[in-house]
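Q: Each chain, letter by letter, is given below.
2 protein chains.
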Amino acid sequence: MSSIIRFQDHVGAKAEKFYKTTLFQGDHMLVGLNCLEPGQSQALHDHADQDKVYVVMEGSGHFTIGDAVQEAGEGSIIWAQAGVPHGVENTGSIRLTVLVCMAPPPH
Amino acid sequence: MSSIIRFQDHVGAKAEKFYKTTLFQGDHMLVGLNCLEPGQSQALHDHADQDKVYVVMEGSGHFTIGDAVQEAGEGSIIWAQAGVPHGVENTGSIRLTVLVCMAPPPH
Chain V
1 MSSIIRFQDH VGAKAEKFYK TTLFQGDHML VGLNCLEPGQ SQALHDHADQ DKVYVVMEGS
61 GHFTIGDAVQ EAGEGSIIWA QAGVPHGVEN TGSIRLTVLV CMAPPPH
Chain Y
1001 MSSIIRFQDH VGAKAEKFYK TTLFQGDHML VGLNCLEPGQ SQALHDHADQ DKVYVVMEGS
1061 GHFTIGDAVQ EAGEGSIIWA QAGVPHGVEN TGSIRLTVLV CMAPPPH
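So the protein sequences, as listed, match chains V and Y.
When we follow our numbering, the leftmost residue of the first sequence carries the number 1, and every step to the right adds one.
When we follow our numbering, the leftmost residue of the second sequence carries the number 1001, and every step to the right adds one.
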């Protein structure tokens, strides 16, 4: 796979659950894309030993990070340090696409 | 620092060298912002033991990743796996702002 891509070429949709795809993976980090249709959500969860960041590429949604709950749209950066519960719901009217970096990558 | 921020609130400029700021850092990953004024560049370099990804937030530039050289603009994602040389030059007419995730973080 090329090392230089456009996120728009990798979006997708699933009816039953939000769409997830891996873009890149190394020994130290995974880069993926999560696409949530309006109303879809990723339940609150945490990763004990992984730092994670979301970057909103398009759309907007309701992000929960620990005790913080906030609407965030394009250009927002959302940080979930290891152990901090996080989740997201697409509360908007268009697709919410978030880039996700996770380190280290899942086994 | 809040866990939910907008990149626009963290951009900056320096005359002598491109502007760098750290947004978040955990045990496993660093998230930062690099802002290059037109004509500024980050010389080709590599990190033997760190995976890195750039996300173009605004502007466009000339990215080199190993043997790949490509213009990339807003919405582009550029992957430099550990050991792969990478660099960027702002060849456009406006500021080039790239989000950078690096794992593990520098010591």
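Any given hint could turn out to be false.
Stated by the list, open to error - Partial chain Y-side listing against chain V, Cβ under 10 Å, derived:
#, residue
1, S1003
2, F1007
3, Y1019
4, H1028
5, A1043
6, L1044
7, I1065
8, G1066
9, A1068
10, G1075
11, W1079
12, A1080
13, H1086
14, E1089
15, I1094
16, P1104
Unchecked claim - Covered by chain Y, according to a simulated footprint, are these stretches of chain V (three or more residues, beta-carbon under 8 Å):
#, segment
17, 11–21
18, 24–30
19, 34–48
20, 91–97
Simulated from the structure, these hints should not be mistaken for lab results.
Cβ coordinates follow ideal geometry from the N, Cα and C atoms, glycine included.
Q: For each hint, tell me whether it holds in the structure or not.
A: Hint check:
no., hint, result
1, S1003, "holds (4 Å)"
2, F1007, "holds (5 Å)"
3, Y1019, "violated (16 Å)"
4, H1028, "holds (4 Å)"
5, A1043, "violated (18 Å)"
6, L1044, "violated (14 Å)"
7, I1065, "holds (4 Å)"
8, G1066, "holds (7 Å)"
9, A1068, "holds (5 Å)"
10, G1075, "holds (5 Å)"
11, W1079, "holds (4 Å)"
12, A1080, "holds (7 Å)"
13, H1086, "holds (8 Å)"
14, E1089, "violated (14 Å)"
15, I1094, "violated (15 Å)"
16, P1104, "holds (6 Å)"
17, 11–21, "violated (count 0)"
18, 24–30, "holds (count 5)"
19, 34–48, "violated (count 0)"
20, 91–97, "violated (count 0)"
The structure shown violates the earlier hints numbered 3, 5, 6, 14, 15, 17, 19, 20.
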